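A.B. asks: Protein sequences, first through last, are from chains X and R.
Using my numbering, you'd call the opening residue of the first sequence number 4 and step up by one each time.
Using my numbering, you'd call the opening residue of the second sequence number 4 and step up by one each time.
None of these hints come from the bench; they were simulated from the model.
Be a bit skeptical, because a hint or two may be false.
Identical copies go unnamed one by one, so any copy, or any two together, can satisfy a pair.
Using 25 Å as the maximum straight-line C-alpha spacing, the simulated SDA-like pairs for lysine to any residue come out as follows [to be verified]:
(1) 125 to 137
(2) 125 to 140
(3) 194 to 64
(4) 106 to 125
(5) 148 to 198
(6) 208 to 196
(7) 208 to 121
(8) 89 to 28
(9) 106 to 189
(10) 125 to 79
(11) 194 to 182
(12) 148 to 182
(13) 194 to 45
Model, not experiment: these values are computed from the prediction.
Number of protein chains: 2
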Amino acid sequence: MSNKKKIAESAISRLSLYLRILEDMVEEGEPTVSSQTMASQSGTTAAQVRKDLSLFGSFGRRGLGYSSTDLVSRIRQILGLNRRWKIAVIGMGRIGSALVEHKGFFDRGFDIVALFDTSDFKVGSNVHGLKVHHVNDMRALVQDKNIEIVVLTVPVEAVTDVTDLINDSGVRGILNWTPARLAVSQSIEVKNVNMVMELEALSFKLSQS
Amino acid sequence: MSNKKKIAESAISRLSLYLRILEDMVEEGEPTVSSQTMASQSGTTAAQVRKDLSLFGSFGRRGLGYSSTDLVSRIRQILGLNRRWKIAVIGMGRIGSALVEHKGFFDRGFDIVALFDTSDFKVGSNVHGLKVHHVNDMRALVQDKNIEIVVLTVPVEAVTDVTDLINDSGVRGILNWTPARLAVSQSIEVKNVNMVMELEALSFKLSQS
Numbered sequence: 004m005s006n007k008k009k010i011a012e013s014a015i016s017r018l019s020l021y022l023r024i025l026e027d028m029v030e031e032g033e034p035t036v037s038s039q040t041m042a043s044q045s046g047t048t049a050a051q052v053r054k055d056l057s058l059f060g061s062f063g064r065r066g067l068g069y070s071s072t073d074l075v076s077r078i079r080q081i082l083g084l085n086r087r088w089k090i091a092v093i094g095m096g097r098i099g100s101a102l103v104e105h106k107g108f109f110d111r112g113f114d115i116v117a118l119f120d121t122s123d124f125k126v127g128s129n130v131h132g133l134k135v136h137h138v139n140d141m142r143a144l145v146q147d148k149n150i151e152i153v154v155l156t157v158p159v160e161a162v163t164d165v166t167d168l169i170n171d172s173g174v175r176g177i178l179n180w181t182p183a184r185l186a187v188s189q190s191i192e193v194k195n196v197n198m199v200m201e202l203e204a205l206s207f208k209l210s211q212s
Numbered sequence: 004m005s006n007k008k009k010i011a012e013s014a015i016s017r018l019s020l021y022l023r024i025l026e027d028m029v030e031e032g033e034p035t036v037s038s039q040t041m042a043s044q045s046g047t048t049a050a051q052v053r054k055d056l057s058l059f060g061s062f063g064r065r066g067l068g069y070s071s072t073d074l075v076s077r078i079r080q081i082l083g084l085n086r087r088w089k090i091a092v093i094g095m096g097r098i099g100s101a102l103v104e105h106k107g108f109f110d111r112g113f114d115i116v117a118l119f120d121t122s123d124f125k126v127g128s129n130v131h132g133l134k135v136h137h138v139n140d141m142r143a144l145v146q147d148k149n150i151e152i153v154v155l156t157v158p159v160e161a162v163t164d165v166t167d168l169i170n171d172s173g174v175r176g177i178l179n180w181t182p183a184r185l186a187v188s189q190s191i192e193v194k195n196v197n198m199v200m201e202l203e204a205l206s207f208k209l210s211q212s
């Protein structure tokens with residue numbers, strides 16, 4: 004694992020958080036923002052904020068703070084949010100169908116353009132205006148619609164078969180909502196969502212206090 | 004924000020990950036594990052692993068590695084997983100009801116003991132064997148069942164009212180699945196789950212490659 008990757012993992016989620024804080028400031032008409040303000044709103048230190056931003060070039064001027072609008076556009080660029088991404092959701096269970104209706108994805112540049120399932124019962128139906136396709140049609144649809152990211156919410160039993168289809172489809176990234184570790188081609192990036200780990204962070208905090 | 008808290012935020016999610024790796028090793032009958040092995044399986048460096056573990060005391064012996072079973076039990080203790088937690092889920096929409104059925108919570112010591120909703124249509128119904136109560140009964144049930152953590156999955160419009168009820172209920176922690184920032188009493192710990200930020204981490208990685 005390269006050092007570059009290691010930096011990214013922890014700093015990137017803070018950048019996402021800074022972006023939200025900065026967008027609020029732009030909306031409130033604040034032209035500049037200090038690292039101290041960003042730190043206190045994001046639960047970190049001013050030194051950490053400056054260090055995170057410096058990883059991606061030099062921003063801001065000592066004593067003057069950062070320009071809110073400049074920083075928003077730079078962070079959007081860093082995070083790859085200065086463009087739109089076509090994504091598919093695989094698995095139309097409760098979580099999959101909840102994700103399809105989540106407005107936040109569209110607002111951030113993620114367009115859900117295809118839905119997949121394995122069940123004959125669901126294939127052919129409509130979820131939030133989109134037709135559900137069989138996973139066997141994934142490769143054709145990924146190519147046809149230029150889908151780069153898939154969100155995986157299938158039951159554990161289906162993971163191995165569906166992962167094979169994903170590997171073969173040409174997608175570049177997977178957001179994995181299943182508890183399984185995926186066996187993917189080296190060229191595919193995986194980000195795991197772990198619902199239990201979120202609770203563990205909370206039980207840690209409560210055990211300390 | 005204290006320095007203690009800052010250490011925790013990033014190290015804790017790695018500890019959760021180390022725990023999963025170590026449990027796999029115990030299951031496979033591996034008596035000891037090196038920081039190098041843990042690092043390569045968790046996508047970090049051996050130095051980072053040693054540093055994370057040293058935050059919570061001294062483990063392992065140079066050249067001999069760590070005892071897998073000892074480390075499992077120490078990390079479980081650090082994360083507050085050497086006990087069971089009683090939790091409630093508030094909001095019986097798609098995500099709320101999917102969480103109720105998620106076996107992973109029980110396996111990690113989180114017992115879902117109460118469900119809440121605001122809608123007359125849902126209150127009184129059963130989800131996965133548990134009765135859905137009205138949010139107005141939260142305080143009584145939290146006290147009665149010793150609930151310490153609530154998982155919040157209500158629609159954004161309901162957040163303000165429900166947060167007031169939570170503040171008044173005596174719970175200690177909230178896992179917040181809503182996009183809203185919660186106005187909670189200082190004594191309550193909040194952990195935010197942000198579904199869009201997970202996708203941003205992926206778009207960042209894809210933009211780099």
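A.B. asks: State the violated hints by number, sorted upward, taking the hints as numbered earlier in the document.
C.D. replies: Violated: hints 3, 7, 8, 9, 10 and 12.
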